[in-house]
Amino acid sequence: MIDLFVEPYSLAFMQRALAAAVMIGIVAPLVGVWVVLRRLAYLGDAMGHGTIAGVAVAYLVGASIVLGALAAALAMALLLGLLMTHPRIRSDSAIAGAEVALFAGGILLLVISGGTRVEISHLLFGSVLTVSSGDLLANLLIAGVIVVALAVLGRDLRDATFDPIGARLSGIRVSLIEWALLVMVGGVVVVALQTIGLLMTIAMLVLPAAAARLWVRTVVGMSLLGVAFGVGTAVIGLTVAYHAGLPSGAVIAALTAVVLGVSAVATMRRRRTRPVAHLPEAPGSGASARRHAS
Amino acid sequence: MHGVGGEPSAAIVVADLHCGYAASMPGVLEGIGFSIDPGEMVALVGPNGCGKTTLLRCLVGELPMQGTVVIHGSRPRRGYVSYVPQVQRWERDYPITVGEVVAAGRRAHRCLFGRLSHHDREAIDAAIEEVGLPDLHRRPLSHLSGGQFRRVLIARALAQDADVMLLDEPFAGLDRDSALRVIDALRRRVARGVTVLASVHELDLVRIGFPRVLGLDRSTVHDGRPGDILNDEPVGMFRAQVAALAL
Numbered sequence: 001m002i003d004l005f006v007e008p009y010s011l012a013f014m015q016r017a018l019a020a021a022v023m024i025g026i027v028a029p030l031v032g033v034w035v036v037l038r039r040l041a042y043l044g045d046a047m048g049h050g051t052i053a054g055v056a057v058a059y060l061v062g063a064s065i066v067l068g069a070l071a072a073a074l075a076m077a078l079l080l081g082l083l084m085t086h087p088r089i090r091s092d093s094a095i096a097g098a099e100v101a102l103f104a105g106g107i108l109l110l111v112i113s114g115g116t117r118v119e120i121s122h123l124l125f126g127s128v129l130t131v132s133s134g135d136l137l138a139n140l141l142i143a144g145v146i147v148v149a150l151a152v153l154g155r156d157l158r159d160a161t162f163d164p165i166g167a168r169l170s171g172i173r174v175s176l177i178e179w180a181l182l183v184m185v186g187g188v189v190v191v192a193l194q195t196i197g198l199l200m201t202i203a204m205l206v207l208p209a210a211a212a213r214l215w216v217r218t219v220v221g222m223s224l225l226g227v228a229f230g231v232g233t234a235v236i237g238l239t240v241a242y243h244a245g246l247p248s249g250a251v252i253a254a255l256t257a258v259v260l261g262v263s264a265v266a267t268m269r270r271r272r273t274r275p276v277a278h279l280p281e282a283p284g285s286g287a288s289a290r291r292h293a294s
Numbered sequence: 001m002h003g004v005g006g007e008p009s010a011a012i013v014v015a016d017l018h019c020g021y022a023a024s025m026p027g028v029l030e031g032i033g034f035s036i037d038p039g040e041m042v043a044l045v046g047p048n049g050c051g052k053t054t055l056l057r058c059l060v061g062e063l064p065m066q067g068t069v070v071i072h073g074s075r076p077r078r079g080y081v082s083y084v085p086q087v088q089r090w091e092r093d094y095p096i097t098v099g100e101v102v103a104a105g106r107r108a109h110r111c112l113f114g115r116l117s118h119h120d121r122e123a124i125d126a127a128i129e130e131v132g133l134p135d136l137h138r139r140p141l142s143h144l145s146g147g148q149f150r151r152v153l154i155a156r157a158l159a160q161d162a163d164v165m166l167l168d169e170p171f172a173g174l175d176r177d178s179a180l181r182v183i184d185a186l187r188r189r190v191a192r193g194v195t196v197l198a199s200v201h202e203l204d205l206v207r208i209g210f211p212r213v214l215g216l217d218r219s220t221v222h223d224g225r226p227g228d229i230l231n232d233e234p235v236g237m238f239r240a241q242v243a244a245l246a247l
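So the protein lines, in turn, are chains R and V.
So that you can map any letter, position 252 of the first sequence is 252 in my numbering, and since no number is skipped, the others follow by simple counting.
So that you can map any letter, position 130 of the second sequence is 130 in my numbering, and since no number is skipped, the others follow by simple counting.
Next comes chain R alone, as it looks inside the complex (with noise of 0.2 Å):
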């Protein structure tokens, strides 16, 4: 049974696959509690769409995918901070408009470049075998900064996500967060580029985080159950893709979905089971509140 986990990382792909794999299982969820908390799930799907314009530019100029992908999710951020302030555009709409914008540029772009159909579906479900070491370092500083940047402006961010004009005036500068959580989004799009894909990114990003939320209540509780949920179905996931020869994307989102299925189930009897109502009152509120309107 062991083997069947140690084997595969004998071979030098599969182990920088590994470290792609974990990295991506620890930064996605960190990001994702905040995407979870703000709703913004459909922007992480969005995101990881509109970056296949950079990888496309990529091709066709010869230059690194990575690269690439990180110019168009930041190209992308910034579009989307300035589409989200125009006060006649509701955000979702925004997000749909820059989404479609990047993902056909990027698709004719592909295509226009000569990218092969396995090249494209290489980007789109991940591919273990394109992880360089190149590609492994620059994954290690993008998820570097983010892990930074969450450290910072981890209580700003929960402060400004609780009470946005309440943050603003007590000093928050909420649309600086903002715009730099949809940086972060498209940094996490980048790491996850090559193991997972785009089109499954939305998966590490969104999932591990969802199921945390229903286990825990305070955001570090989610944070780090959110990431052994990311790094124990990224890890099942590719050493299982690896043995059965299915994508490795396909398998690890498969194995979230899977992860948010059965919390769901679990938390709901858990939840039937402890009602809120047996904590005890303080004084002078709710019940007696109610008494002195009586």
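Quick caveat, the hints were computed from the structure, so don't treat them as lab data.
Backbone N, C-alpha and C fix where the C-beta goes; we use that ideal spot for every residue, glycine too.
Treat the hints loosely; a few may be bogus.
Claimed, not checked - Selected chain R positions facing chain V (Cβ under 8 Å, derived; list incomplete):
1) 3
2) 166
3) 217
4) 218
5) 222
6) 244
Following the hints, position chain V against chain R.
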């Protein structure tokens, strides 16, 4: 627009203010004006739909508007204004505790990397104590009643140490003891020169706690003492409530 003109000595100056929720619809506020000096405690009264919440949302820059709003002689700066909203679209499951919400009010006093100082922690504890929730520091918001949640938001505004406090129906859902406790806390701030403007429906609390009243009616502001405004014929919308209180 914020920060243009106005009397330099006033804490809040509003002149010819037009404000609404959509450009294509008639404004909720139509050309109102008033000014409030530093250290005043003012109640904003009027029936539902008269524009109290709209006015407060204009003052915090949340709604588009035409006219002049000046707060402390300039555009509201970081931490200068604290605000307690009327309806908080919050999720009961949002993972945050009472202490963390109140600590958010201290943001302007910290730098980007700054941890809470000893002084910050004292201010947070004092604010939570002032609204009567000393034992709930670590309690998640999901475990609070509506009245407790409102007091947490008030505590956040108190902890902020702002020059101007704007409160939208701060006593809604509070029992009388808690409401009087909040009034005392606001009075202590006013004694230190803080300006308080609160929309209030509880007219007995207006009489008890607010020396000055602004009666709002979309295009008109009736300005005076509680006894003048609440019994005055032009603001006759309060007569039924006043009569009920007298019984």
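Now for the hints, and whether the structure bears them out:
Annotation: interface hint on residue 3 of chain R violated; nearest CB of chain V at approximately 41 Å, more than 8 Å. This hint holds: residue 166 of chain R has a C-beta 6 Å from the nearest C-beta of chain V, less than the 8 Å allowed. The beta carbon of residue 217 of chain R is positioned within 8 Å of a beta carbon in chain V (closest approach about 5 Å), and the interface hint is therefore held. Hint on residue 218 of chain R holds. Least Cβ distance to chain V is approximately 5 Å, under the 8 Å limit.
Interface restraint check: residue 222 of chain R against chain V, minimum CB-CB distance 6 Å, threshold 8 Å, status holds. For residue 244 of chain R, the shortest C-beta to C-beta distance to chain V is roughly 37 Å, which exceeds 8 Å, and the interface hint is violated.
Checked against the numbered hints above, the structure breaks hints 1, 6 and satisfies the rest.
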